[in-house]
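Colleague: Hey, can you work out the whole structure from these sequences and the hints?
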Amino acid sequence: MAAYRDKDPRIHGIKTKIRVVPNFPKPGIMFQDITTLLLDPKAFKDTIDLFVERYKGKNISVVAGIEARGFIFGPPIALAIGAKFVPLRKPKKLPGEVISEEYILEYGRDCLEMHVGAVEPGDRALVVDDLIATGGTLCAAMNLLERVGAQVVECACVIELPDLKGRERLHGKPLYVLVESH
Amino acid sequence: MQQALQKLASLSAPPPPIIEARGRTRLPPPRCFSTAADRRRRFANRELSLSSWMATSFERSNGAKKGAEAARDQHMESDGGPDPRLAKIASSIRVIPDFPKPGIMFQDITTLLLDPEAFKDTIDLFVERYREKNISVVAGVEARGFIFGPPIALAIGAKFVPMRKPNKLPGEVISEEYSLEYGTDTMEMHVGAVQPGDRALVVDDLIATGGTLCAAIKLLERVGANVVECACMIELPELKGRDRLGNKPLFVLVSSDI
Chain C
1 MAAYRDKDPR IHGIKTKIRV VPNFPKPGIM FQDITTLLLD PKAFKDTIDL
51 FVERYKGKNI SVVAGIEARG FIFGPPIALA IGAKFVPLRK PKKLPGEVIS
101 EEYILEYGRD CLEMHVGAVE PGDRALVVDD LIATGGTLCA AMNLLERVGA
151 QVVECACVIE LPDLKGRERL HGKPLYVLVE SH
Chain A
1 MQQALQKLAS LSAPPPPIIE ARGRTRLPPP RCFSTAADRR RRFANRELSL
51 SSWMATSFER SNGAKKGAEA ARDQHMESDG GPDPRLAKIA SSIRVIPDFP
101 KPGIMFQDIT TLLLDPEAFK DTIDLFVERY REKNISVVAG VEARGFIFGP
151 PIALAIGAKF VPMRKPNKLP GEVISEEYSL EYGTDTMEMH VGAVQPGDRA
201 LVVDDLIATG GTLCAAIKLL ERVGANVVEC ACMIELPELK GRDRLGNKPL
251 FVLVSSDI
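Chains as they are written, first to last, in our numbering: chain C, 1 to 182; chain A, 1 to 258.
Just so you know, the hints here were simulated from the structure itself, not pulled from any lab data.
One should not assume that every hint holds.
[Claimed, not checked] Label pairs and their in silico Cβ distance ranges:
no. : chain 1 : residue 1 : chain 2 : residue 2 : range
1   : C       : Glu97     : A       : Pro166    : 26 to 34 Å
2   : C       : Glu168    : A       : Pro84     : 44 to 52 Å
3   : C       : Glu146    : A       : Ser179    : 40 to 48 Å
4   : A       : Gly183    : C       : Arg19     : 29 to 37 Å
5   : A       : Lys88     : C       : Lys45     : 21 to 29 Å
6   : C       : Pro22     : A       : Pro196    : 24 to 32 Å
[Stated by the list, open to error] Derived list of chain C stretches under chain A, where covered just means 3 residues or more per stretch with a C-beta under 8 Å from a C-beta of chain A:
no. : stretch
7   : 17-28
8   : 34-40
9   : 43-50
10  : 67-73
11  : 77-85
12  : 90-99
[Stated by the list, open to error] No farther apart than 20 Å at their CA atoms in a straight line, the calculated lysine to any residue pairs in the SDA-like style are these:
no. : chain 1 : residue 1 : chain 2 : residue 2
13  : A       : Lys168    : C       : Pro27
14  : C       : Lys93     : A       : Ile96
15  : C       : Lys15     : C       : Ile159
16  : C       : Lys15     : A       : Gly171
17  : C       : Lys26     : A       : Asn167
18  : A       : Lys165    : C       : Phe24
19  : A       : Lys168    : C       : Pro91
Yeah, the Cβ is synthetic: ideal placement off N, Cα and C, and Gly gets one too.
Modeller: This is how it looks when you write it as C-alpha cells:
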C-alpha cells in the first residue's frame with residue numbers, strides 16, 4: 001500500500017523534499033536523497049507521523065532499522081509507539097554475539113547482522129529503511145527476524161522504486177511506502 | 001522483554017551503578033597510563049559512575065573551574081540530587097570487553113535501545129536541556145549519532161544533518177580529515193545543509209578521544225555555524241576528549257572509568 005494513493009495532504013510536501021542526485025554512486029543511478037527531507041523539520045515530522053499513525057494500534061514490539069538511513073527513521077517511530085529499537089548492521093559493527101544473513105547484490109554479496117537476544121520469539125516486528133529498491137536488504141532483515149522467531153508484521157520505507165520489483169521479494173509480507181519514484 | 005534484557009546483561013554481567021550520597025561526586029583516581037591489564041582489573045570491579053549526579057555541562061571560560069571541580073560545585077548548588085532517570089540509563093548500557101580489538105572495553109548502547117522507557121528518558125534529558133536554546137540544527141555523527149540525533153531534532157524543531165564517512169553522501173560535500181590512533185579518517189557534510197548563523201548541536205553516542213567530535217565541530221564552523229554544544233550519552237574521561245573540544249562545551253549523561 002502506498003500513502004500517496006490515499007492522497008494525504010502531507011505526502012506532497014514530503015515528496016518534493018526528496019532530492020534526486022544523478023549518477024550516484026555510479027553512472028546511470030538516480031539516487032533518491034532523503035537528507036533534504038531531514039532539513040525540513042515539518043516534512044520530517046510528517047514522515048514520522050504518517051508511520052506512527054499507521055502502526056500505533058498494531059502492537060508492534062520491535063522496530064528493526066537497517067544501517068544507516070534506517071537508523072534515522074526507525075528510532076523516532078519506535079519511541080512514539082513504545083517499541084524497542086534493534087539496529088541491523090553491516091558486518092563487524094555490532095559487539096558481542098550476533099547472527100548473520102548473507103544476501104545477493106548486483107555484483108557480489110553482502111551481509112546483515114543482528115544481536116543475539118535482542119529480538120525474542122513472538123515479537124511483532126516492523127522493518128524500516130529509507131528506500132526499497134530490489135528488496136534484497138529488506139529480505140535479509142526479515143530473514144534475520146524470522147530466524148529468531150519474531151513475526152514480521154510489515155516493512156516500511158519512505159520511498160519505493162517500483163520498477164525494481166522489490167515488493168515481490170518480500171515473501172508476501174506487506175510493504176508500506178509513502179512515495180514512489182519511477 | 002525483561003528476560004531479554006537480563007540475558008543480554010548477563011553476557012557481560014556488569015555490576016549495578018553506584019549512586020553516590022547527595023553532595024558528593026566520585027572522581028576517578030588520576031592515572032598516568034592504563035594498561036590492558038589495568039582495564040581488565042577495573043572491569044572486574046566495575047562501577048559506572050553517574051556524571052556528577054545529574055547531567056551537567058561544563059562551560060569553559062576564563063577563570064571558570066574546570067571538569068570535576070565545576071561538577072562538584074554545580075551539583076552541590078542544585079536542589080534535588082541525581083535525576084532518577086539516569087540510574088536506569090546507566091545500567092542499561094552493556095560493556096563488551098575486547099571489542100573491536102583486545103584491550104578495548106566497548107560501551108554498547110544497543111541494550112538501552114531495547115528498553116523503550118530508558119531510550120525515551122535519554123532523549124527527554126537532552127530535549128529538556130536544548131528545547132529553549134534556539135538550536136536550529138542537530139548534526140549526528142554516523143552511525144550511532146543517527147539513532148539519538150533525529151529524535152532530539154524532531155522534538156526541538158531543528159533540522160537534522162548527518163555527518164558521514166567518505167563517499168556516502170550524494171552530491172556536493174565538504175570534508176574534514178581527522179586523526180585516529182593509527183592513520184586518519186574523513187568526515188563529510190553536505191554543502192548547503194547548514195547556513196551561516198545556524199546554532200548547532202553535535203550528537204554522538206560516546207566521546208572517547210574527541211577526534212570525531214572535533215572534526216564535526218570544524219565542519220560546522222567552516223560553513224559559519226555556531227556550535228552551541230556537543231552532546232553524548234557516554235564519556236570516557238580518561239581519554240580526555242573534553243580537552244580536545246577547545247572552548248566548546250560538552251554535555252554527557254554517563255561517565256565511564258573503563
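Colleague: Does each hint fit the structure? Answer for all of them.
Modeller: Evaluated hints:
1. Glu97/C <-> Pro166/A: 26 to 34 Å: holds (30 Å)
2. Glu168/C <-> Pro84/A: 44 to 52 Å: holds (50 Å)
3. Glu146/C <-> Ser179/A: 40 to 48 Å: With a Cβ separation near 43 Å, Glu146/C and Ser179/A satisfy 40 to 48 Å, so the hint holds.
4. Gly183/A <-> Arg19/C: 29 to 37 Å: holds (33 Å)
5. Lys88/A <-> Lys45/C: 21 to 29 Å: The hint (21 to 29 Å, Cβ to Cβ) holds, given that Lys88/A and Lys45/C are roughly 27 Å apart.
6. Pro22/C <-> Pro196/A: 24 to 32 Å: holds (28 Å)
7. 17-28: holds (count 4)
8. 34-40: holds (count 4)
9. 43-50: holds (count 3)
10. 67-73: holds (count 6)
11. 77-85: holds (count 6)
12. 90-99: holds (count 6)
13. Lys168/A <-> Pro27/C: holds (15 Å)
14. Lys93/C <-> Ile96/A: Distance of about 13 Å is within 20 Å: holds.
15. Lys15/C <-> Ile159/C: Measuring from Cα to Cα gives roughly 9 Å; hence the hint holds.
16. Lys15/C <-> Gly171/A: holds (18 Å)
17. Lys26/C <-> Asn167/A: holds (11 Å)
18. Lys165/A <-> Phe24/C: holds (16 Å)
19. Lys168/A <-> Pro91/C: holds (17 Å)
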